[in-house]
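**Q** Sequence:
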Amino acid sequence: MPELPEVETVRRGLAPVMEGQVIARAEIRRPNLRWPFPDGMAQRLAGQRVLRLRRRSKYILCDLGSGETLIIHLGMSGRMLIHTPEETSTPGVFQHIHPAPEKHDHVIFEMDNGVRIVFNDARRFGAMDLCLTDQAEFHKMLASLGPEPLGNAFDEAYLIAAFKNRGSPIKSALLDQKLVAGLGNIYVCEALWRAHISPEAKTKTLSAKRTSSLVPVIRDVLLEAIESGGSSLKDYRQADGELGYFQHSFAVYGREGEPCRTLDCKGKISRIVQSGRSTFFCRRCQR
DNA sequence: CTGCACGCCTGCCCGC
DNA sequence: TGCGGGCAGGCGTGCA
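Here the first sequence is numbered in my numbering, starting from 3 and rising by one per residue.
Hints may be right or wrong, so weigh each one.
Distance condition first, Cα-Cα at most 20 angstroms in a straight line; then the derived EDC-like pairs of lysine to aspartate or glutamate [unchecked claim]:
#1 K105 / D242
#2 K211 / D157
#3 K142 / E70
#4 K142 / E260
#5 K166 / E202
#6 K270 / E260
#7 K206 / D157
#8 K270 / E258
#9 K204 / D242
#10 K180 / E229
#11 K206 / E158
If you are wondering where the hints come from, they were derived from the structure by calculation, not from laboratory data.
Using the sequences provided together with the hints, build the complete structure.
**A** Right, dumping it as structure tokens:
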């Protein structure tokens, strides 16, 4: 999926066209994504004002006037694309040219202002569900998530405690959403490279100092990626259809065999598989 | 409890 | 050109 920076970029793109607007109509074009849509989703969304869009980890939370919240997850390949009505030759008169739904357009929100938001997800690992807004944090998709990496609860003391007594490689620990919520394969690889820590290092063997060094490194890489509009690989687009460009800043991800970018390091980037997923790192400067 | 393999889906890219 | 295999940003389940 899009990881935290991509989801945050999507949220920021959607907020100006959705917040404060009413969902005139919701079109659900298939019965499910990863799981069945909730009962009566289209009717429960129609006529509801979007109070605000929030993000928790890699989930977008859409708070509605009805007191319900629409939880959206983009899975691996989900996109939210905005179609804006076009102004005709008469100033102030807008015309909505309905683009024919494309392959894998599964859900379409039509807002009162004529803007359409299309959820497209080829692999259908994405999900949507509705719950009461004040119960959202207890929803089963969100209940066991760890702290936000950009929030105050994610600090040096927390990470040291979380790593203690854990025997797993640090790569898999950081991918564990219960430990910290929102990192994925790309940003874990990038953060470990910045911290000069081997993805194979066992968490409990790391010194407090090295563990602590990861906290600002994780924050920095996520914030820089958000600033860049996220990373665009095969599927991801910002909500306005633009590409993010953080992929040009990758130090290790997807760079197998290429030179390490650490100053004065003459290493080459290796690819290994951990827990069935590719890990990219430099054996020379990551220990 | 932990750690890991697997399945869910489609599309793309590479080698033959 | 076609086909098979491997790969892909996630996450829940089930097993040891």
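**Q** Straight-line Cα separation of K105 and D242 no greater than 20 angstroms?
**A** 18 angstroms, holds
**Q** Would the pair K142 and E260 pass a check requiring their Cα atoms to be no farther apart than 20 angstroms?
**A** Judged against 20 angstroms, a Cα distance of about 41 angstroms means the pair is violated.
**Q** What's the verdict on K180 and E229, does the C-alpha distance respect the 20 angstroms limit or exceed it?
**A** This hinted pair is violated, its Cα atoms lying about 26 angstroms apart.
**Q** Measure nothing beyond the straight line between the CA atoms of K206 and E158; if it is 20 angstroms or shorter, mark the hint as holding.
**A** With a Cα-Cα distance of about 14 angstroms, the restraint between K206 and E158 holds, given a limit of 20 angstroms.
**Q** Take the C-alpha atoms of K206 and D157, compute the straight-line distance between them, and say whether it is at most 20 angstroms.
**A** 17 angstroms, holds
**Q** Taking only the CA atoms, is the gap from K204 to D242 under or equal to 20 angstroms?
**A** Violated, at about 41 angstroms.
**Q** Would the hint linking K211 and D157 be met if the CA-CA limit is 20 angstroms?
**A** 13 angstroms, holds
**Q** For the pair supplied as a hint, K166 and E202, confirm whether the alpha-carbon distance does not exceed 20 angstroms.
**A** 16 angstroms, holds
**Q** Regarding the pair K270 and E260, is the alpha-carbon distance no greater than 20 angstroms?
**A** 5 angstroms, holds
**Q** With a cut-off of 20 angstroms on the C-alpha distance, tell me whether K270 and E258 pass.
**A** 7 angstroms, holds
**Q** Holds or violated: K142 with E70, Cα cutoff 20 angstroms?
**A** Judged against 20 angstroms, a Cα distance of about 15 angstroms means the pair holds.
Violated hints, listed in ascending order, are 4, 9 and 10; each of the other numbered hints is respected by the structure.
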